[in-house]
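Going down the list, the sequences are from chains R and D.
Just so we're aligned: 17 in my numbering is position 17 of the first sequence, and the numbers increase by one with no gaps anywhere.
So my numbering is basically just the index in the second sequence, starting at one, shifted up by 1000.
What the hints contain is simulated information worked out from the structure, not anything from laboratory work.
Bear in mind that the values here come from a model prediction, so they are computed numbers and not experimental data.
Everything hinted at is true.
Restricting the straight-line Cα-Cα distance to at most 27 Å, the calculated cross-link-like pairs of lysine-lysine (DSSO-like) are:
1) Lys1213(D) with Lys283(R)
2) Lys294(R) with Lys1213(D)
3) Lys214(R) with Lys1283(D)
4) Lys1295(D) with Lys214(R)
5) Lys291(R) with Lys1192(D)
2 protein chains.
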Amino acid sequence: MEIKKVTVAGGGVLGAQIAYAAAFHGFDVTIWGRSEGSIERAKPRINKVYETYTKELELAPRYIGAEFPNYPRSFFDDVKDINLEKIEELKKNNEKAYKDLKYTVDLEEAFADCDLVIEAIAEKVDEKRAFYEKIKDILKDDAILASNSSTFMPSMLKDFTGNKERFLHLHFANNIHRQNLAEVMGHDTTSKEVIDTVAQFARDIGMYPAIIKKENPGYILNSILVPLLDAALALYGDDIAEPKDIDMDWKIGSGSPKGPFEMIDIIGITTVINVTSTREDAKDPSSPMGKALKKLKEREAKGLKGIETGEGFYKYK
Amino acid sequence: MEIKKVTVAGGGVLGAQIAYAAAFHGFDVTIWGRSEGSIERAKPRINKVYETYTKELELAPRYIGAEFPNYPRSFFDDVKDINLEKIEELKKNNEKAYKDLKYTVDLEEAFADCDLVIEAIAEKVDEKRAFYEKIKDILKDDAILASNSSTFMPSMLKDFTGNKERFLHLHFANNIHRQNLAEVMGHDTTSKEVIDTVAQFARDIGMYPAIIKKENPGYILNSILVPLLDAALALYGDDIAEPKDIDMDWKIGSGSPKGPFEMIDIIGITTVINVTSTREDAKDPSSPMGKALKKLKEREAKGLKGIETGEGFYKYK
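Just chain R, with the same shape it has in the complex (with noise of 0.2 Å):
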């Protein structure tokens, strides 16, 4: 089947840049929300991603035949796909898709006959269940939903859905134009077809789908990075090395922009003492784990929460 008519459940930061990327790929796009009041603090997410592609075209010429060029890859296949033609082209869908984009609050005019809908509602699995119950008997018999749930399984949600077939999960990174990530995972019904489909859609809006063949807590990204931090907190845990010496040693040693600490001041470190506190070996307060956990506890108590207290390993202006 193909896709056409795309619309996105939410508004919040990330329904805004998914619903943005389909339609400056060309879908037309509509964004859902459940009241005015969202639609009206959607409206200014949208003024921004238009404003962030706006810039990032104006930039565009610097990257034509540079060696190392640090572009949009959802804008741009390759680098020898990038001319000044190209990037004119892509003005053009930009202010196409800022004018076209389509919001409404009204159930009938978003679902009746979308092909794609793509759920970015809060992460509460109430919430979601309550809104898949809601659309069921609105949508075409044909259309996929998907869900961008970041905790949840989509063995979770599909009950709820009315046609589990066509549900699985298009889990997307933040800052989607450049980190053009999309994790496509279903459950153990979801038709291959639709799976298909929906990657093909993710490749359609300049996204690499990574495809989860078997539900999995965590997709692919968590999975890896979850360890990888666990490691460099057991090393700080256990005093073997400064959190900076860990991050440059990391970074140096594996060519990687970021450093363990450096993105736990990202993430925030109460998520992370909240992740953190669910492992066994973190409760026994003499283990690196828990001697991590404890030090964590005690940079949290003291406000270094990360990037978005101005001060976590590192100070941020």
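Fit chain D to the supplied structure of chain R, relying on the hints for placement.
Coordinates of chain D only, in the frame set by chain R:
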């Protein structure tokens, strides 16, 4: 104390890189080999490093004022330091280093008046111990001894050095003029002055010294890399996703230049099998790691061992 004369024991790939980096940065450097044959094998390695430096310096003007310059970090502290005058100065250093580097098989000549020994001989504990016993009565009382060992701990060698307070590890990555990491790890009675002196020496040869405050197998880098690879292998063992998707997901999501399976191809599947086989959970064939180990062994049996065999998870021309 001040380091002026440096002897590198062993002229293997890394010994040659370390000796050359020290000579390039103005130290008086001798390479000691156990036989004329080992010296003859060291010389072409030094030639190769000299050629690499020469080529890097030819390319260096392109980094002047560049936005994302991918310059050798051990040559310049910051992109702002890259200018034609500095490049000319480094070219002179390069010629001088190549010309002045000394080679000897004579123990007195190599070790009697050196301030710092960097031991980079074969990774065999008995050979290392015998080496330290052989030189301990030749060295000056205040000479510092640093081992580049990847797998042993300083406490396994210290009692053979004759002066354990002045013994520590200084562990380099490969391709050190770009991957400019030096892990500094003492044992429990290495003197603070020795650690500070060696860290400063590392800085002086363009390295970032990551200080490891307590003995830790795997230093910092491998303590983080191994759990990262294990997490990726568990996803692969459980057939959650294909290696290519795991790699792309991690690269886009984290910004890292290499995915876990690209790294496994670099490390070589046999080494990864050896390391994974020591894990308790890999002994259970129904566990994710057990299943991953089985798959790795099947690939190894087919000769898909990584870059060294031309094909691993990816093909290499």
